[in-house]
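Q: Just so you know, the protein sequences line up as chains A and B, in that order. Every position in the first sequence, counted from 1, becomes a number in my numbering once 621 is added. Every position in the second sequence, counted from 1, becomes a number in my numbering once 621 is added.
Keep in mind that a hint or two might mislead.
Since the list can't tell identical chains apart, any single copy or any two copies may satisfy a pair.
[Unchecked claim] Derived lysine to any residue pairs resembling SDA-like cross-links, with alpha carbons at most 25 Å apart: (1) K763 <-> D706; (2) K749 <-> E767; (3) K875 <-> D698; (4) K727 <-> H748; (5) K624 <-> K644; (6) K761 <-> P707; (7) K644 <-> R813; (8) K721 <-> V668; (9) K727 <-> T751; (10) K763 <-> V797; (11) K761 <-> Y800; (12) K761 <-> L774; (13) K875 <-> P672; (14) K721 <-> L874; (15) K875 <-> M769; (16) K763 <-> R717; (17) K826 <-> L735; (18) K761 <-> E631; (19) K763 <-> I807; (20) K826 <-> Q803; (21) K749 <-> D706; (22) K872 <-> G840; (23) K872 <-> E731; (24) K749 <-> K826; (25) K624 <-> N697.
No wet-lab data here; the hints were simulated from the structure.
Protein chains: 2
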Amino acid sequence: MDKLTTLTLELAPPDSFDVSPAKASSLGPFLQGCLMEHVDSGYAESVHGLPFNPYSQHCVLDEQSGRLLWCIKALNDGAARAVIDPLRSVDSVSLRGIGKTFQVSKTTSESISLASLVDLLSGESVHKQTVHFVTPTAFKRKGSYEFMPTPRLMLQNLFMHYNQVYGGSHEVDEDVISYIEQHMRISSYNLRSQYFSHAMGEGRKIPAFVGTLTLSMTGPDPLKNLVRMLCAFGEYAGVGIKTSMGMGALKCLKPNKPRQSRGSEAIS
Amino acid sequence: MDKLTTLTLELAPPDSFDVSPAKASSLGPFLQGCLMEHVDSGYAESVHGLPFNPYSQHCVLDEQSGRLLWCIKALNDGAARAVIDPLRSVDSVSLRGIGKTFQVSKTTSESISLASLVDLLSGESVHKQTVHFVTPTAFKRKGSYEFMPTPRLMLQNLFMHYNQVYGGSHEVDEDVISYIEQHMRISSYNLRSQYFSHAMGEGRKIPAFVGTLTLSMTGPDPLKNLVRMLCAFGEYAGVGIKTSMGMGALKCLKPNKPRQSRGSEAIS
Chain A
622 MDKLTTLTLE LAPPDSFDVS PAKASSLGPF LQGCLMEHVD SGYAESVHGL
672 PFNPYSQHCV LDEQSGRLLW CIKALNDGAA RAVIDPLRSV DSVSLRGIGK
722 TFQVSKTTSE SISLASLVDL LSGESVHKQT VHFVTPTAFK RKGSYEFMPT
772 PRLMLQNLFM HYNQVYGGSH EVDEDVISYI EQHMRISSYN LRSQYFSHAM
822 GEGRKIPAFV GTLTLSMTGP DPLKNLVRML CAFGEYAGVG IKTSMGMGAL
872 KCLKPNKPRQ SRGSEAIS
Chain B
622 MDKLTTLTLE LAPPDSFDVS PAKASSLGPF LQGCLMEHVD SGYAESVHGL
672 PFNPYSQHCV LDEQSGRLLW CIKALNDGAA RAVIDPLRSV DSVSLRGIGK
722 TFQVSKTTSE SISLASLVDL LSGESVHKQT VHFVTPTAFK RKGSYEFMPT
772 PRLMLQNLFM HYNQVYGGSH EVDEDVISYI EQHMRISSYN LRSQYFSHAM
822 GEGRKIPAFV GTLTLSMTGP DPLKNLVRML CAFGEYAGVG IKTSMGMGAL
872 KCLKPNKPRQ SRGSEAIS
């Protein structure tokens, strides 16, 4: 059974490079360019044109250290060999588009078995799932960008991506999606728009969002478990469009009190 | 022609009362109770059961002074006489539900003519309108609460409210709403959920949201002006459900750069 592998390169930004969380995520397209330089062209061709890629990558700022974390995730063994392995030993990363070179100060690699994701399907169910959209996230629906999430947009995208990578086809049963939708709602959120620059200098910006939301689920346990499994898969695959360009990085959080505690304060 | 009148009572919270923005807005239902004690019962009865009230009220924290601002807005002269006039000279406000009395430290009254709102219809048009949802806002659609805004939910609600107050009926032409909807989109937002306690101790909380969004409008100038006028009306009427309980207070902001400048930073 396949493994899901994460390679994290900690990058030291040059002194001349002023970092912020938004700027970190906007490096995604340049890092994708750099990644492509290391990937075997045969592999690149074999996945080109697929509706969903078997890998994702994004960049975030580690606010504590001031370093950039470039995270590359391979969803199966083929992608790990093609995309992760060539990057394990690089000691610097050149971003041609902006003419900067970042030294790699640390390299970390982690992997989990696909079985451990699948195990979630039969595990203990939870009725809430909090999701943090780490980098700008957007969906496409009927040819236009959607930059406010809905349970349907999220789950449909994750489900199709999962099937593409492990089933070879992104077909999903509309009845299943409708059933999930009927049993799920957003119970709290803290989201804001953040446009994503697709490519430098061309002024093409994709409307997107970042932030946090909590999904509440009703219905039978297997359904809740499926949603939980798809969200866990989303930590590797990302969600929405252009996850290989640095968009749609997702993190599952433990459902707890909303982040703005002031906002949910009760009168006493 | 009618006037739209705002009465603002600055309330000094007792020392034992710890204030926060969320707590300020949660005082709405208690202040509504207090308001009703001062209103002529004949008037209260005459507006009871109307789909939209000719007044709104809400409470916000003035973070600079630490005082609470209780804002009561009358949308026509009848409401000004009935709801505003009796409160002009009160020097304290007792909130029975929480057993607290607030001294009034300042009273301010302002009014604008309805004509000045209507003038917006023929003024210079703008293609962006930024709206700040000051207190928790929610809509009802098909019997359930909606706590993510859409242009349709907002504009339909404002339009119906406007027609109710100045036309006597909340009927609006579906074609007009559809036309507005086709020419309007949310171009940026920063919103989060904030539940609103409808009444103390009963645990009834309405899912709602606060924050900011910018509407972008295309289409002919009269349409843009109509949207602008309805948003200006919303500063008095509020938007969405329970505007007389303190929900849905709205402020029109000048469209400018998104508030989170870090979030929209471009790479350089």
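Q: Please flag the earlier hints that this structure goes against, numbers listed from lowest up.
A: Of the numbered hints given earlier, those the structure breaks are 1, 3, 4, 5, 6, 8, 9, 13, 14, 16, 17, 18 and 21, listed in rising order.
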